[in-house]
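Peer 1: Quick note, the sequences are listed as chains A and B, same order. Take the first sequence: its position 82, counting from 1, is numbered 81 in numbering that gives the first Met the number 0, and each next residue is one higher. Take the second sequence: its position 105, counting from 1, is numbered 104 in numbering that gives the first Met the number 0, and each next residue is one higher.
A hint or two may mislead.
Because identical chains share one entry, a pair is satisfied inside a single copy or across any pair of copies.
[As the list claims (entries may be wrong)] Taking lysine-lysine pairs in the DSS-like style, the calculated list, with each CA pair at most 30 Å apart, reads:
{"no.": "1", "residue 1": "LYS95", "residue 2": "LYS107"}
{"no.": "2", "residue 1": "LYS44", "residue 2": "LYS107"}
{"no.": "3", "residue 1": "LYS44", "residue 2": "LYS95"}
None of these hints come from the bench; they were simulated from the model. All of these numbers come straight from a predicted model, not from anything done at the bench.
There are 2 protein chains.
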Amino acid sequence: MVNGLAELDGAFAALSHPVRRQIVERLAHGAATVGEAAAGTGVSKPAITKHLRMLEKADVISRVVEGRTHRLSLNAVPLEDASGWIDRQRALWERKFDVVEAYLEERKGR
Amino acid sequence: MVNGLAELDGAFAALSHPVRRQIVERLAHGAATVGEAAAGTGVSKPAITKHLRMLEKADVISRVVEGRTHRLSLNAVPLEDASGWIDRQRALWERKFDVVEAYLEERKGR
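Isolated chain A (complex conformation) (with noise of 0.2 Å):
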């Protein structure tokens, strides 16, 4: 289930520290290796390890093992389910306010 809360929770907790938003940037711009995904971050590599795991635990990211090289990629769908999640709250929220003006339109036109 992809839209369920714990992949919201996972996705949302996933994309809450910079570093690993910084890595989801860099993979953005297409596959990576760990080091090419890491570099910049000027974090340890044990750390990297740990945020990369945060990111594949919530379905951001997936690893393929090819030899000795460890491929990272970007996962649409999960990045897709939490921003849906946010645009529905704020169209609610706009409507309301649409709703408020049209009111005080029609007021101001009797």
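Assemble chain B onto chain A, guided by the hints.
Peer 2: Frame of chain A; chain B shown alone:
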């Protein structure tokens, strides 16, 4: 600075718990008292207090105190920033596939 690292950290962390998302879903329909926002979550008052504090700290919700009533409402900007960040990564990632597809089409055409 609205697009800062700490702001996105807070917004994503705030959305990573089902009870906090339930509160946001309630507030997306309009401002509410603490009691109204907490209705149906099935968690204790101290737990609600903690969840609200986290949502407020992340600036996802605002609280206005009117006498004894605390009115909660949603803030659109941090939600926009969070979904905007996700959508930028998705757009980059999807463009990646468009480029590959265009290349394959071009090869096929030769």
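Peer 1: It remains to establish, for every hint, whether it holds in the given structure.
Peer 2: Here is what the structure says about each hint:
| no. | hint | verdict |
| --- | --- | --- |
| 1 | LYS95 <-> LYS107 | within (19 Å within a copy, 50 Å between copies) |
| 2 | LYS44 <-> LYS107 | neither (64 Å within a copy, 43 Å between copies) |
| 3 | LYS44 <-> LYS95 | between (48 Å within a copy, 28 Å between copies) |
Hint compliance for this structure: hint 2 is the single one not met.
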